[in-house]
Structure formats: C-alpha cells, structure tokens
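Full structure from sequences and hints, please.
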Amino acid sequence: MTYSESSVKKRKKINLKLIRKLSKSISNNEHRAIILLFLETRISPKKLVKLRFEDFEFTTCTIKINEKRTKISLELSLLLKSISLSKKRYFFSISTRRIRQILQKIGCNYLSIKKAGCGA
Numbered sequence: 000m001t002y003s004e005s006s007v008k009k010r011k012k013i014n015l016k017l018i019r020k021l022s023k024s025i026s027n028n029e030h031r032a033i034i035l036l037f038l039e040t041r042i043s044p045k046k047l048v049k050l051r052f053e054d055f056e057f058t059t060c061t062i063k064i065n066e067k068r069t070k071i072s073l074e075l076s077l078l079l080k081s082i083s084l085s086k087k088r089y090f091f092s093i094s095t096r097r098i099r100q101i102l103q104k105i106g107c108n109y110l111s112i113k114k115a116g117c118g119a
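Numbering that gives the first Met the number 0 puts the first residue of the sequence shown at 0, with every later residue one more than the last.
I should point out that these hints are in silico values taken from the structure, not numbers from a laboratory.
Result set (PhoX-like, lysine-lysine): computed pairs, CA atoms no more than 20 Å apart in a straight line:
id : residue 1 : residue 2
1  : LYS80     : LYS63
2  : LYS70     : LYS49
3  : LYS67     : LYS46
4  : LYS67     : LYS45
5  : LYS67     : LYS49
6  : LYS104    : LYS16
Distance windows between CB atoms, simulated:
id : residue 1 : residue 2 : range
7  : LYS67     : SER24     : 28 to 34 Å
8  : GLU53     : LYS16     : 31 to 37 Å
9  : THR59     : LYS104    : 29 to 35 Å
10 : GLN100    : LYS67     : 25 to 31 Å
11 : ASN28     : THR95     : 18 to 24 Å
12 : GLU53     : ASN28     : 18 to 24 Å
13 : PHE52     : GLU74     : 18 to 24 Å
As the structure is a prediction and not an experimental result, all values here were calculated from the model.
Note that beta-carbon positions come from the ideal geometry of N, C-alpha and C, so glycine has one too.
Below, the structure written as structure tokens:
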C-alpha cells in the first residue's frame with residue numbers, strides 16, 4: 000500500500016466517524032435512521048424506500064435486503080424500533096429524491112459512501 004492509499008483510507012475512516020457523530024445531533028429520528036442505514040448497510044435509496052416492517056428483526060438486530068439478512072448496530076435497531084411504533088405500509092414514507100436531499104444536507108453523498116466501502 001502506498002502512502003497516498005493509506006492517507007485516503009484514513010480520511011475516509013475519519014469522515015465516517017464524523018458523519019456518525021453528526022447523525023447524533025440530528026433531531027429527526029427518521030433522518031438519523033436513514034443516515035445510519037446508509038453507513039451500516041450501504042443500501043441504495045431505491046431499496047430503502049421499499050423497506051417494509053417485515054424486513055426488520057429487532058430481536059436479532061438484522062435487516063433483510065435482497066433476501067439476505069444483514070446485521071445492524073443495536074443503536075440503529077433501537078432507533079428503528081422506536082420509529083416503527085407508527086404503523087405504515089412501508090417503513091419510510093419518503094421518496095428517493097428526499098433521501099438524497101437529507102444526505103446532502105449533512106454533506107454526505109450516497110455515491111461516496113458506497114465507493115468508500117464503509118460498513119458497520
């Protein structure tokens with residue numbers, strides 16, 4: 000690994016830590032959950048808007064994306080559980096465009112998260 004590759008990885012790690020800290024300052028729980036879902040699962044906006052209550056398993060802290068179970072943090076699981084108290088058909092009643100706006104508001108681009116390969 001070259002010096003520049005190492006430097007880029009460190010910056011990405013710092014940016015992810017900063018985004019995680021920023022997410023705690025967001026008062027809207029749905030927006031915070033969206034940001035944390037992106038960080039932990041790298042889910043696309045298109046798939047996120049199609050999430051249903053049946054896709055979440057709060058006791059095991061997992062979420063079903065593409066017929067595959069993915070582990071999420073306890074913090075995110077509890078946050079999602081508190082949001083789920085209001086019964087709706089889809090978990091997030093929001094458009095993909097609005098999701099991108101939320102991410103841009105905190106300076107977080109979906110494509111840069113996906114390329115960084117950040118996970119939980």
